[in-house]
Amino acid sequence: MQSRLPIIVFAAVMAVIPFVPGMPPFWIVLLDNIGLAALVAMGLVLLTGVGGLTSFGQAAFVGFGAYTTAVLSTAYGLSPWLTLPLSLLVSGSLAVLLGLITVRLSGHYLPLGTLAWGLGLFYLFSKLEFLGRNDGISAIPPLSIGTFKMLSPGSIYYAIWVAVILSALLTMNLLDSRTGRAIRALRRGHVAAEAFGVHTPRAKLLVFIHAAVLAGLSGWLYAHLQRAVNPTPFGAQAGIEYLFIAVVGGAGYVWGGVLGAAIVVVLKEVLQSYLPLILPGSGQVETIVFGIMLVALLQLAPGGLWPWLMSFLPERSGGKKPDTSLKLEQRPRAPGHSSILLQVDKARKQFGGVVAVNNVSFDVQAREIVALIGPNGAGKSTTFNLITGVLSATSGSVSVLGKKVDKAPPQEIVKLGISRTFQHVKLVPDMTVLENVAIGAHLRGHSGPIASMLRLDRADEAKLLAEAARQIERVGLADQMHQLAGSLSLGQQRIVEIARALCVDPMLLLLDEPAAGLRHMEKQQLAKLLRDLRDGGMSVLLVEHDMGFVMNLADRIVVLDFGTKIAEGTPATIKTNPEVIKAYLGVAA
Amino acid sequence: MNTTIMLFLVQDGITNGAIYALLGLALVLVFAVTRVILIPQGEFVTYGALTYASLAAGQMPGTAKLALALGIGAFAFDLFVARKALHGRLIVRSALTNIVLPAIVLALTVYFAAQKPPVAVSIALSLVIVAMIGLYLYRVAFQPLAHTSVLVLLIASVGVHLALQGLGLLFFGAEGQRGPAVLSGAFTAGSLRFTGQSLTVYGITIAFIVALWLFFGLTLYGKALRATAVNRLGARLVGIRTTLSGQIAFLLASVIGALSGIMIVPITTLYYDSGFLIGLKGFVAAIIGGLVSYPLTAAAALVVGLVEAFSSFYASNYKEVIVFMLLIPVLLLRSLAAPAVEEEKD
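The listed protein sequences derive, respectively, from chains A and B. Under the numbering used here, the first sequence has 331 at position 331, and the numbering climbs by one with no breaks. Under the numbering used here, the second sequence has 36 at position 36, and the numbering climbs by one with no breaks.
With the rest of the complex left out, here is chain B (with noise of 0.2 Å):
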């Protein structure tokens, strides 16, 4: 191996994990504050890359349509909820950002659909209708679970990856799609060369880790979010509503996941079933760095992009067994380090 071909990998290598690392930090994120393991992470990725691409290419994608659905389905739970104590504003605020929103995009989305948009209207589109999802996804399968244990998030969890793996076929097909670059444009320093498209990965990931980290530090969402986190009951007593940090969480999850998929859908074809593999990836990051701790998880994601670089250049046919292996010594590391404490369980 020569110093090109390493530097190569290396720069591949960064590229992915500084995706894994978005996507670990959402989940970081979304666990944190709901308790839920967000397997349809991966969705979000595919989604978002899939609306972008079809937008670019002149056709309506399905997503749209889906958004609506969910948000109807949020607007009936939120009315079923209610049923004892309606009242007009409660109706028309649940109405406004579950139904009328959703329509407004898909109107939208039509028009725009129609006339190859500009990128950055298919990049907003996009981003706007899986944050859409997101929030509804989560008013309609994880809130009514919010009180049950990690295992039941879990599986409902598993269920929804399976139901929107599944519409992604419906919607996307089972052909590969692949979007148009972001930033074009590429220049090169001594062997290496940049593609604006890398550079963008690299500039909004850092972007998000600082949007992140001041977030949760100075805001007072932020510390709301991540009080739930601690603790859910304290957290209503003290006037925190955790419904709201749920849906920030979903929020932010579902923007970050779209985003991962927009920045990379120029680079690599992805199908409607590619996102369940990078949200894993993104998941090694996420368990190596604990769960809990940020910049532990960039970091880890960093490396499980140069192992899957580098095991994709030796050894590519075991390239996955290895990327999902290499959380066995961590987890053996982890287990040997774990404190005897007692958790109480419910």
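Same shape as in the complex, but just chain A (with noise of 0.2 Å):
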């Protein structure tokens, strides 16, 4: 949780602003302009710098907002009040179409999509008859109440900072939730995120209308501030410069989009007023001088301005333990031995020529601890793979309690209560291991993202936060809780993905290679952990290489060979078996 009171100052600094005495009219229309664009920054802060998708074409949905109010109102003489909803649908739905194209492209090709339609976009507002073409549309009301009406840029002031500090809070209340740790698990890929039941499109698709919501409302303000609208402003280059806006500020930081915003409108500003009169003759000097300090800036802080100022501040002690007391409604057990939890039938995985998983069947059964084990490249991994549903399987069939599953995605099998942990860490390193454990627990919490904006989740969400710890108490990390996920060593961030694994509530566990990395003591906890775990009736299914660890914990191995199953059976027979030997050691000579 973070304080409130740096906000409130802000708020009170800004809203004084314009009393005091002496204060040039021009700096409250510059301070009007920053908090235009900090609303557009703020949404690419969470969209490029949170969930890790670059757009240059923010512009265009400033634009959808600017056009949608300024034709309803003058056309159509609606209150510019009522236009405000209309503009943010109309970004929104926008969004919606566009995102669906959008986001589901990958690296590169997402920034040159948005590159593409946002100039498609901007000829089109230059080109429609009923937007007035290149000129535009003029003669759009103010904003009013009652008979005030809001003419001078002084007056408008307040709407716009209101707007800027509201959406600022929401978003961060957003990022402070379930909805918010999908988000910003989104930029690590999607694999992990997917396998504790985050449906990875809709999140994108989330933050992209947040952000296109964000920049109609900045559209809004504008046509309103202005009184008309042209193209230009919605154009390729506007575009480009808020991405700049938010990459100055620090593209991880709420604040550092409204930080940026004010930088890149100041210097904007001071070069076209003073460059002139320093470098005379025709020409964009400002342009020049404005690009190269954008490549200079990159070369000296990467990581834009905001976490640097943040880095002078004392550091924040650790947060809030949650209150373990609260629980979450557990699955109900499949009773007794015996029966078969986890059903492999031939399974099959074919890469192009190479056979992976050859025909592979066992079974898993409830309370049991099977270790899947053979040599490197033996398709261990990918039969992993093959029951989480990451890869679907070239032929055969995988069961869940008599259920077959084949063709099912990540985000249903951990549904059936099947969760995993995996041979490369995945996780989120910037956040900490409370936040990362709790997004295994997302299946179990069911706030949206309007709720959590609007904080009507706490309630859920200290359910969740409770679980996360439980379980991080569990494994043993309670010390590391509030520290970042990255911070940790690799072998403690493997038992960290346990305890995200965990808060499934599974009822079959899969672990790959949980012991690579740990220490002789911390193998044995490990060991501890997971007979208790079977002891209070779960299922564990362990790919691992340290033959000492499986020998003394499995109840039942399975060796796999090049893909082929070459023998099962009790860690004593596994043991003497020739075959088994021969993989790991070739013929005897």
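Label pairs and their calculated CB-CB ranges:
1) A:Lys-403 x B:Ile-206: 53 to 63 Å
2) B:His-87 x A:Trp-308: 27 to 37 Å
3) B:Gly-217 x A:Lys-346: 42 to 52 Å
4) B:Thr-269 x A:Phe-351: 45 to 55 Å
5) A:Ser-273 x B:Thr-243: 36 to 46 Å
6) B:Arg-83 x A:Leu-454: 47 to 57 Å
7) B:Thr-243 x A:Phe-351: 32 to 42 Å
8) A:Trp-308 x B:Gly-234: 31 to 41 Å
9) B:Arg-236 x A:Arg-4: 48 to 58 Å
Covered stretches of chain B (chain A as the covering partner; in silico rule of three or more C-beta atoms under 8 Å from a C-beta of chain A):
10) 138 to 147
11) 151 to 160
12) 167 to 179
These are calculated hints, taken from the structure and not from any lab test. Here a beta-carbon is modelled for each residue, glycine too, at the ideal position from N, C-alpha and C.
Two chains, two frames, a set of hints: combine them into the complex.
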């Protein structure tokens, strides 16, 4: 939980500024522009800095907001207050359309795609008859409350900054919630988040819409500040500038957007008014300086200015420990032993000509620890991916409690009570251990993004965090709960992954090399934990190379070699199996 | 519409498409090797074109001075990076490539500009000037960022584009320019008229595609470049200087850009800011080609050129809208076919 005090102070300062005697009116205009840019940049912070989706097209959404109110309030005489929801609706619903196409793109396609439709829309704005073509629309009515008309920059100032501060609060609330954790996990790839039930395309679409609505709000305010719109401020150049603002401020931080807007708007103003004095002559000297400064800034401070400023503040001590007495509902357990939980039947996976998993069959019963061993490249991790739905089998089937789940995506598998860890740790390094683990409980919470923004999710959220804290204590990392996951040792990160998997309340736990990187004592603790879990009614399927660990722990062992099952049985029989010895050590001479 | 108009549009589309293909190829090349999405590609086009046009008109192009300025910057960067272990050979080599070379070219430019040089000299000078700008630009703007994410590189690329476009206005003014034809003369076949200029465009495009294909397929440098593109660290471990790969990529891209500019400036009037749109259409082609495949990019570029030609006939107002919106269905198809593989991000 972040303290609200700095925000209240900031709001108070902003409220007083217009009353400072001798405040030049021009400064108020600048502050208006800063607020407008900050709104768009804030959306980009969420979209680009947090969600990892770079958009050059935000200016187009500002345009949607501005043109919607311009057309409706001039041609149809609607009150600006009525057009506000409509402006947001238009930006939001066009974001759904464009987002559905765009957010599925990966890597560099996404920014380029946004650049392309951003340009296309700009030309559309400047060609459409009812939008006034290149001349745009003028004589837009001002905002008014009763008979008070916000005609001057000083009077609309409050509307703009109330919007900025409210949006910042809502955005920060969103980030500090169940949905927010899903969004923050996006940048690190989708496999881990999906393994815990996060619908990643939906989460991406959500941030896309959020950013577009903020841009639309900025556009609506812009139209009523300028009282006229034309296509120029909604072109590619503007889209680039918004991104620049977010990067300058620090693309991962909501207030970085506001800071970046202040710096860029003031800088542009200074450059435009003073450069011609120093360097007379034709041309856009300020663009040249602007471009050079942009490159220089990236070389000197690629993270932006906000985190750099924050590093001067004393470090805040760790967060509050959640109240672990709050309980989440638990999954009903299959009663007794010997019911088959997981059945893998002749599963086969081919990558082109390579058969990674060759007609492998085995099962896992309730309250049982099964180990999957084999030399490197034996197909163990691929088998895991087949079970958890990351890959779909070429042939054969996987069933959970008798129900076939071959074609189910990871989000469905985890709902059945199967959770996993990864061979290569997939945590979000800049989130705390607690937050990372809470992603595991994603499906056990219900609050949506709107509830999170309005802080209606607190009861639900407290239960999720309580569950996460309980699981962290269970695996013995209570002292590290509020540290950033990236600061832990690799062995500890693996344990965090186990806590996250336990948050699912699983029936079956799939562990991919959990003991790698652990010290001897830690391995013994892990073995004890896994035995306790089994005795508590959970089953475990693990891939592991540490034979001492496996032989002491597993009830049953399945051995794979070159994708084929070569042996199955108790540790004692596996140790003496000639096929297994051959696979591991080669043929005895 | 009669066949003559249609054939004329097709011809126009193919000529433009060939240029977009070249630019698309350069973009793919630079992206593959350095991960930079080269927005300033368009400026290489205008710089090449307007330098050529200025020289041909007997004016001194400012780009030659820019090359020297950037060269001095590159020299300073070299010295700064090597400040702990400065030795004579390194300084001399850096000074030769970064200062002496552009100084000589500047002197030659001043000399020739005064006496309206022949077409061949103008072309050669323009190519060398823009090539140097590309090379030093990589040293100054992108090499220090080589380890950062695609996003940071992309924004830096935007910054470079803004600066170069502003400089373009300073150098060439707001007026558009045209240059003399590289190859004059024309002949007609049926109802179609082929100018020497358009044949030059076809010829050079095809030559470049073949040359790039040979370069990447058969030469050691080409293979080194491809290796860098796939895995920077791996390439370094086997002894490939990734900096060198980046330099080669930028050198090729700036030469391709300048050449494209020189080929179109006799056909269309170019302004200091025309490059951005031309470059972006190369982009559209490159994206359709997936930023990886050269033949696909070339084919896509022809489609972009044709769509542009036909839409400027049928709906000239919406020409740009149509070209850029052409991407949406392509992106849609790509996203439907997108494989569900995990990207390990930095």
